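*Asks:* Read off the chains here:
Number of protein chains: 4
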Amino acid sequence: KRTNAKNMTRKLNISGIYPPIATPFTEREEVDYQKLDENLQKYSKLPFKGLVVQGSNGEYPYLTVNERLEVVKRVRDILPNSKLLIAGSGCESTKATVQMTGGMAHAGADAVLVVTPCFYRGRMNSKALIHHYTKVADASPVPVVLYSVPANTGLELPVDAIVCLSQHPNIVGLKDSGGDITRIGLIIHKTRLEDFQVLAGSAGFLMAAYAVGAVGGVCALANVLGEEVCELERLCMLGDWEKARELQHRLIEPNTAVTRKYGVAALKQAMEWFGFHGGATRSPLQPLSQTELQQLHVDFSSNGWL
Amino acid sequence: KRTNAKNMTRKLNISGIYPPIATPFTEREEVDYQKLDENLQKYSKLPFKGLVVQGSNGEYPYLTVNERLEVVKRVRDILPNSKLLIAGSGCESTKATVQMTGGMAHAGADAVLVVTPCFYRGRMNSKALIHHYTKVADASPVPVVLYSVPANTGLELPVDAIVCLSQHPNIVGLKDSGGDITRIGLIIHKTRLEDFQVLAGSAGFLMAAYAVGAVGGVCALANVLGEEVCELERLCMLGDWEKARELQHRLIEPNTAVTRKYGVAALKQAMEWFGFHGGATRSPLQPLSQTELQQLHVDFSSNGWL
Amino acid sequence: KRTNAKNMTRKLNISGIYPPIATPFTEREEVDYQKLDENLQKYSKLPFKGLVVQGSNGEYPYLTVNERLEVVKRVRDILPNSKLLIAGSGCESTKATVQMTGGMAHAGADAVLVVTPCFYRGRMNSKALIHHYTKVADASPVPVVLYSVPANTGLELPVDAIVCLSQHPNIVGLKDSGGDITRIGLIIHKTRLEDFQVLAGSAGFLMAAYAVGAVGGVCALANVLGEEVCELERLCMLGDWEKARELQHRLIEPNTAVTRKYGVAALKQAMEWFGFHGGATRSPLQPLSQTELQQLHVDFSSNGWL
Amino acid sequence: KRTNAKNMTRKLNISGIYPPIATPFTEREEVDYQKLDENLQKYSKLPFKGLVVQGSNGEYPYLTVNERLEVVKRVRDILPNSKLLIAGSGCESTKATVQMTGGMAHAGADAVLVVTPCFYRGRMNSKALIHHYTKVADASPVPVVLYSVPANTGLELPVDAIVCLSQHPNIVGLKDSGGDITRIGLIIHKTRLEDFQVLAGSAGFLMAAYAVGAVGGVCALANVLGEEVCELERLCMLGDWEKARELQHRLIEPNTAVTRKYGVAALKQAMEWFGFHGGATRSPLQPLSQTELQQLHVDFSSNGWL
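Protein chains in written order, with this note's numbering: chain A, 117 to 422; chain B, 117 to 422; chain C, 117 to 422; chain D, 117 to 422.
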């Protein structure tokens, strides 16, 4: 049993499934708050632990500072209080991240998700990253979740930095989107004496992550197949590995299609197929080509989802 | 339940744990058959399904054609018939691989493990690799196991090639050492209608691989902690995930130390600590530095193994 | 002789040497305009073609929108009108880049340097990048220079996209920091019918770039050894390859030290050694360690610069 | 002027242009000595400094030990004594490389080209590689040329190892196929006190390499456009950079096509178009697809060669 001897109070429990919600845009590339609201109404009825707003799938690097805050406020207004709102507040500089983190808390976030700064990735070693996250966590009014997403940042938050940061009283966990299950197991092992929670950053390795000790997932695919991802969680929690495996297997191709393979435009297209509003992407992200669209459909239909 | 409608007979069952054995050398870098024999005596008493001879840890690229065959003969002489002998027979050219495969079967191998050719990796696409493996499997007197080990080859055997090759009656499975658990799950999913068996290529992700449907592992660490790796297998088969997870966690750092981090020299050193003969490596592989040696010791001792 | 049949007027001539200036910060990490001014006074006396403001070495991802514009205004105030001011105006979204480009022109930039957006690098294919740059160039009041810097962005602007974009009347050239000299030669070859100018993005391959047809360089090292980089330009223009080679050779290690090896903190430190104000970096960039500092010194002194 | 104070005698002069010859195979994938002979007759009339036998384009990893030696003997029989024969003798183990090196010298090689061993690339650090090359050079009856070809080996011979090895009396130079011109300049700079000669490993950056101080090239494209590559050498030696640049530019796309883009099969196809015998590749290398073949043709024709 994990305990955190250093802190009197338990850290915020973030276990469970979260869709990292997409930001629907109008054809003129403005945030479409109407469509966002309707998606939120639907997500509120699913057994999610909460929502991640402005993970990589939220096109947050394409939003202005004001838009980032406004979208979070809107989500908080609609999301039931029983659901957690984790807001992405990462920026390149420590200063901007501290400020955005404060803004997100003020806008109603229960916790913030802080991506690794990455532009000067050659110098983003453990020392720099520990310094960055410590400053942010010290200043943050709400708990901080670390976020490692090498496909976008070209950078993995090093294990030794994570182990060090896990001891910070205001750092509650990690979203790891890299998918290296050996690394995920090692992180869980080496932070076992802290109250530190690891979330799988993708539905593609969700079951394996549960097997090695993760407590939840932030899964793009949950925007589309939310019930099913939550069902996979339930099977893993129950220990019904036969059924879990079968379900996991059918989710891999659709998940890859809406993430690594075709990205946000595919996620938004698939949302339309399943009754949600995806809307347009913001430029320079482009719509899928006809060939990609057909292949995306096959990735869902060949696994029995369409 | 998996069935193979195309073939009347079941393929060879390769499920279980295998150490990919090291090749001990004398100080003059000759194969030390005496030490090899003594290791084999000890391995024969462990609950392995069999041995892999001339996987990457066997320094096979450093052996001559004759040495490769001679080592396999020696292993067959000593290994009980109840244990499977899987011999690495991969070479760069198809022609040489076919010939080596025949030689290995003649020397007593029950199956062969065929690594992806990789020197012209820019041209080793699915078409070339399907052609290569089909020729080898057509000609091989014994079943063929595919082998993908990107850390050494800089090349992953593509999923579509694996799916195609899984239908060959003489190809029984895959050793995947890449450790991408999403990929492993997908391979198992897409070959579910064939009698195709996937082995984890490392102890670092063995539990996760079982979770998504692998049937065994070829684990360098089993040369050192053979009982423990087999115990992990047993716990996974039983579905005792709590205990499995705890054991898996303690194996990650030692495993990484003897593979990716410090390589064969570390594996051989650790074997010495645990009562086996590692012996020298063949040049250009070098012994560990003092610093590396100390860190290697920590990677075992901090996890309670030394 | 290159001609651009499509356009009546010649494009802006950007040939020559530019330092991509550093942004000095105070110890409290505020922009130190006083130090910036003093640097600019010194740079004004060197035979640069102009200055690049907010290239990668300017820590632009760490500046707010207002700071980015304010720094450019300040530079324009001090820089003689005879010198070109090229301002970095790249942002992740097309919309923000268009806006920042307008702002930079208004602040006094003669041209803008637009880095490839990169967060969704898996989808930043030629189609997306051509779309992005076309929108930006269409809207820009001043000429646009493309900017490919894979060490920071993890992305190379594809050759086919460059060839296509070279035909745009408001796109005048490319800063290529990747250093692949075969690629640079090919780009120059394939844009030979356009009035398209290629600048080397680093002093490490400046001579080689001139050899294959580049017309200048944006070189971090010119912040430190400005005279010497301009002398290398002069020798290359004269065709005095023996002397050019000798000078080029002595610049490689110092250049690598202040770029790829130790980054902006090293550049700023070296500036202090050579009579300029580097100042602090903004966090998360950290100061050099003692060991790094010593090695940085060696990289200059062993080549006769200190 | 470079001098080597440590050694009384000058090292073998290897400056000049070499085609790394292809090995023609029959349709049954046997070495086609007849076709080889005819190619050699033609190459003997071109202004090459000599030939490289069993560089990467010679498919040497697909040849048996006997074939490797036999091919070299055959070349020596036909090649005029005035031309240098540099034979590839690299193997994975130091032991095998020493033996092959002796064999190559016996077969008539004037020098040997020794590729970096690479299977255990994670452990092929400077220490291991210095050990390897020192042993080989100590034992070799003929001068040794280092060979770094990361596209095939996934490994770059580190600069510090090269600088150290340049002092060995039996190591005369380096073939660098990586194409990083900054690195090539640095190597030449740091070995300037030794009698150490650097050859460009590809025609794509031949002119740039001459600019920074290389003394020749081993260029796959010279199998096809031998006259033209030698003409580029001549222009570089003369210092006629305008003409050199124009010729260099026209060689980039054909060169990339027969190397990185389509590999040995393309080289062999292009040889057929230009009056040489390419013959088949050995499996697993496959012939080009129709689409590739057409694109290959365009890469030559659009530059005026077909």
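It is worth saying that the hints were derived from the structure and are not from the lab. For clarity, every value in this text was computed on a predicted model and none was experimentally measured. Check each hint, because a few of them may be wrong.
Claimed, not checked - Not everything, but these chain C residues come out facing chain A in the computed CB check (under 7 Å):
{"no.": "1", "residue": "Lys-158"}
{"no.": "2", "residue": "Lys-161"}
{"no.": "3", "residue": "Pro-177"}
{"no.": "4", "residue": "Tyr-178"}
{"no.": "5", "residue": "Thr-210"}
{"no.": "6", "residue": "Ala-244"}
{"no.": "7", "residue": "Pro-400"}
{"no.": "8", "residue": "Gln-402"}
Where is the CB? At the ideal position from N, CA and C, for every residue including glycine.
*Asks:* Determine for every hint whether it applies to the structure shown.
*Replies:* Okay, the hints, checked on the actual structure:
1. Lys-158: 25 Å, violated
2. Lys-161: 30 Å, violated
3. Pro-177: 4 Å, holds
4. Tyr-178: 4 Å, holds
5. Thr-210: 4 Å, holds
6. Ala-244: 5 Å, holds
7. Pro-400: 4 Å, holds
8. Gln-402: 5 Å, holds
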